[in-house]
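2 protein chains.
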Amino acid sequence: MGRWPAGAQERLQRAAIELFSERGYERTTVADITQSAGLTERTFYNHFVDKREVLFPDQDRFIADVVEAVGAAPADRSPLDVIIAALTVDTEWFDRRRDAAQRRRRILDTRAELRERELAKMAALDTAITGALRARGSSNTSAALTAAAAVAAYRLGTDNWLADPRGRTLRHHLRSIFEELRRTAENW
Amino acid sequence: MGRWPAGAQERLQRAAIELFSERGYERTTVADITQSAGLTERTFYNHFVDKREVLFPDQDRFIADVVEAVGAAPADRSPLDVIIAALTVDTEWFDRRRDAAQRRRRILDTRAELRERELAKMAALDTAITGALRARGSSNTSAALTAAAAVAAYRLGTDNWLADPRGRTLRHHLRSIFEELRRTAENW
Numbered sequence: 001m002g003r004w005p006a007g008a009q010e011r012l013q014r015a016a017i018e019l020f021s022e023r024g025y026e027r028t029t030v031a032d033i034t035q036s037a038g039l040t041e042r043t044f045y046n047h048f049v050d051k052r053e054v055l056f057p058d059q060d061r062f063i064a065d066v067v068e069a070v071g072a073a074p075a076d077r078s079p080l081d082v083i084i085a086a087l088t089v090d091t092e093w094f095d096r097r098r099d100a101a102q103r104r105r106r107i108l109d110t111r112a113e114l115r116e117r118e119l120a121k122m123a124a125l126d127t128a129i130t131g132a133l134r135a136r137g138s139s140n141t142s143a144a145l146t147a148a149a150a151v152a153a154y155r156l157g158t159d160n161w162l163a164d165p166r167g168r169t170l171r172h173h174l175r176s177i178f179e180e181l182r183r184t185a186e187n188w
Numbered sequence: 001m002g003r004w005p006a007g008a009q010e011r012l013q014r015a016a017i018e019l020f021s022e023r024g025y026e027r028t029t030v031a032d033i034t035q036s037a038g039l040t041e042r043t044f045y046n047h048f049v050d051k052r053e054v055l056f057p058d059q060d061r062f063i064a065d066v067v068e069a070v071g072a073a074p075a076d077r078s079p080l081d082v083i084i085a086a087l088t089v090d091t092e093w094f095d096r097r098r099d100a101a102q103r104r105r106r107i108l109d110t111r112a113e114l115r116e117r118e119l120a121k122m123a124a125l126d127t128a129i130t131g132a133l134r135a136r137g138s139s140n141t142s143a144a145l146t147a148a149a150a151v152a153a154y155r156l157g158t159d160n161w162l163a164d165p166r167g168r169t170l171r172h173h174l175r176s177i178f179e180e181l182r183r184t185a186e187n188w
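Top line first, the protein sequences correspond to chains U and D.
Just so you know, we're using full-length UniProt numbering here: the first sequence kicks off at 1 and counts up by one.
Just so you know, we're using full-length UniProt numbering here: the second sequence kicks off at 1 and counts up by one.
So that you can see chain U by itself, here it is in the shape it has in the complex:
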């Protein structure tokens, strides 16, 4: 999931999603995006290393927030409860941007290089959660297995949220998928 903070970065992001949706990712240049957002290319490159990254803004900060929330959780809670709590902080922020997130997903689905980047971002989240669980005392392997399952659940929950015709919240979908993860694991 990407976050789009207010200001220049969010304007560039919105302009990019608009243009990628209209004329395609490949046929849109950074100059097109900055012109549409009324900003300079210099500003663009202050925020993003390249055109592709405009679709993955602030994921480092998102990951850092999740890691911090895992680290701050009470010691007696189960690893999965801790992760669920960390991933459902501030989901209203995403709910307010569901339309843009849906369009972003459709753009990602058009190109293998964008899907590969998304996988790399999810792998970075996985690694970060693994480290945060180890810091709470989980073994390396147990932390890695829990993080991988949690990231898969997060991805599926986000998919369900984006596809939900009833528009229920991201928190609802995440809580529901994590419950399903527990039920599923009982049959392993």
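Treat each hint with caution, since some may be false.
A few chain U residues that face chain D, going by a derived Cβ cut-off under 8 angstroms, partial list only [unchecked claim]:
no., residue
1, Ala73
2, Thr146
3, Ala152
4, Ile177
5, Glu179
6, Leu181
7, Ala185
The list that follows gives simulated cross-link-like pairs (lysine to any residue, SDA-like), each with its CA atoms no further than 25 angstroms apart [to be verified]:
no., chain 1, residue 1, chain 2, residue 2
8, D, Lys51, U, Arg155
9, D, Lys121, U, Asp81
10, D, Lys121, U, Arg77
11, D, Lys121, U, Asp126
12, U, Lys51, D, Ile63
13, D, Lys121, U, Ile63
14, D, Lys121, U, His47
15, D, Lys51, U, Ala120
16, D, Lys121, U, Leu108
17, U, Lys121, D, Thr141
18, D, Lys121, U, Arg155
19, U, Lys121, D, Ala123
20, D, Lys51, U, Glu113
21, D, Lys121, U, Glu22
22, D, Lys121, U, Gly167
23, U, Lys121, D, Asp76
24, U, Lys121, D, Arg52
25, D, Lys121, U, Ala100
26, U, Lys121, D, Glu53
27, U, Lys121, D, Leu108
28, D, Lys121, U, Arg115
29, D, Lys51, U, Asn140
30, U, Lys121, D, Tyr25
31, D, Lys51, U, Ile63
32, D, Lys121, U, Ser78
33, U, Lys121, D, Leu119
34, U, Lys51, D, Glu116
35, D, Lys121, U, Ala120
36, U, Lys121, D, Glu113
37, U, Lys51, U, Asp109
38, U, Lys121, D, Ile63
39, D, Lys121, U, Thr141
40, D, Lys121, U, Asn140
Quick caveat, the hints were computed from the structure, so don't treat them as lab data.
As the structure is a computational prediction, the values presented were derived from the model and not from experiment.
Cβ atoms here follow ideal geometry from the backbone N, Cα and C, with glycine treated the same way.
Position chain D against the provided structure of chain U, taking the given hints into account.
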């Protein structure tokens, strides 16, 4: 994990790993590889679409084998047991090539583009296992969550196998990591 069948493809694979290890992935050309293997570039491109793919041979066949084994498993076995059985067929084939697999892994670790491709291959395995579990009657979500956890376990088990100073078999490491997945999930 890559498989290296006998013949031209395996010779190209071995020559590539040799050269990538010696002089680096970037500084090795397809011409270098074919010359070292005593084969033509035409033969190379009959087997691989590009230089990168020489490090990911036959993964489509591996995935197809796993899917077939999942589909052929008795209906009364648990989804995870079915996957474990499917992933531990024929692991001796990998054990006989552990040295090459270790060197391959070190090459992958040197470049982000190779790690991203590895992630994409693991995602393809995940998608295939999800489909195979659905065909056995699992719900979409349950199948996807089980497949994701299983692929994570497979990856970690393979890592442990490659790093094991005692050289225990891949089957040993896979069985052991799947047991740990079950123990871990009990604490979720």
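Taking 25 angstroms as the top limit, are the C-alpha atoms of Lys121 (chain D) and Leu108 (chain U) close enough? Since the Cα atoms of Lys121 (chain D) and Leu108 (chain U) sit roughly 18 angstroms apart, the hinted pair holds (cutoff 25 angstroms).
Given hint Thr141 (chain U) paired with Lys121 (chain D) - CA-CA distance at most 25 angstroms: With Cα atoms ~22 angstroms apart, Lys121 (chain D) and Thr141 (chain U) stay inside 25 angstroms; holds.
Going by Cβ atoms only, is Ile177 (chain U) closer than 8 angstroms to chain D? Where the cut-off is 8 angstroms and the nearest Cβ of chain D is about 7 angstroms from Ile177 (chain U), the hint holds.
Restraint status (C-alpha distance of Lys121 (chain U) to Ile63 (chain D) at most 25 angstroms): Judged against 25 angstroms, a Cα distance of about 24 angstroms means the pair holds.
Holds or violated: Lys121 (chain D) to Arg77 (chain U), with C-alpha atoms at most 25 angstroms apart: This hinted pair is violated, its Cα atoms lying about 35 angstroms apart.
Lys121 (chain D) and Ala100 (chain U): Cα distance at most 25 angstroms? violated, 29 angstroms
Quickly compare the C-alpha distance for Lys121 (chain D) and Ile63 (chain U) to 25 angstroms and report which way the hint goes. Status holds; Cα separation ~24 angstroms.
Taking the least C-beta to C-beta distance, is Glu179 (chain U) closer than 8 angstroms to chain D? violated, 10 angstroms
Please verify whether Lys121 (chain U) and Leu108 (chain D) have alpha carbons no more than 25 angstroms apart. This hinted pair holds, its Cα atoms lying about 18 angstroms apart.
Given the hint that Lys51 (chain D) pairs with Ile63 (chain U), test it: the Cα-Cα distance must not exceed 25 angstroms. The hint is violated at about 33 angstroms.
Holds or violated: Lys121 (chain D) and Ala120 (chain U), Cα atoms, limit 25 angstroms. It holds: about 12 angstroms lies between the C-alpha atoms, which stays within 25 angstroms.
Taking the closest Cβ pair, is Ala185 (chain U) under 8 angstroms from chain D? holds, 4 angstroms
Violation of the numbered hints given earlier is confined to hints 1, 5, 8, 9, 10, 12, 14, 21, 22, 23, 25, 29, 31 and 32; the remaining hints are satisfied by the structure.
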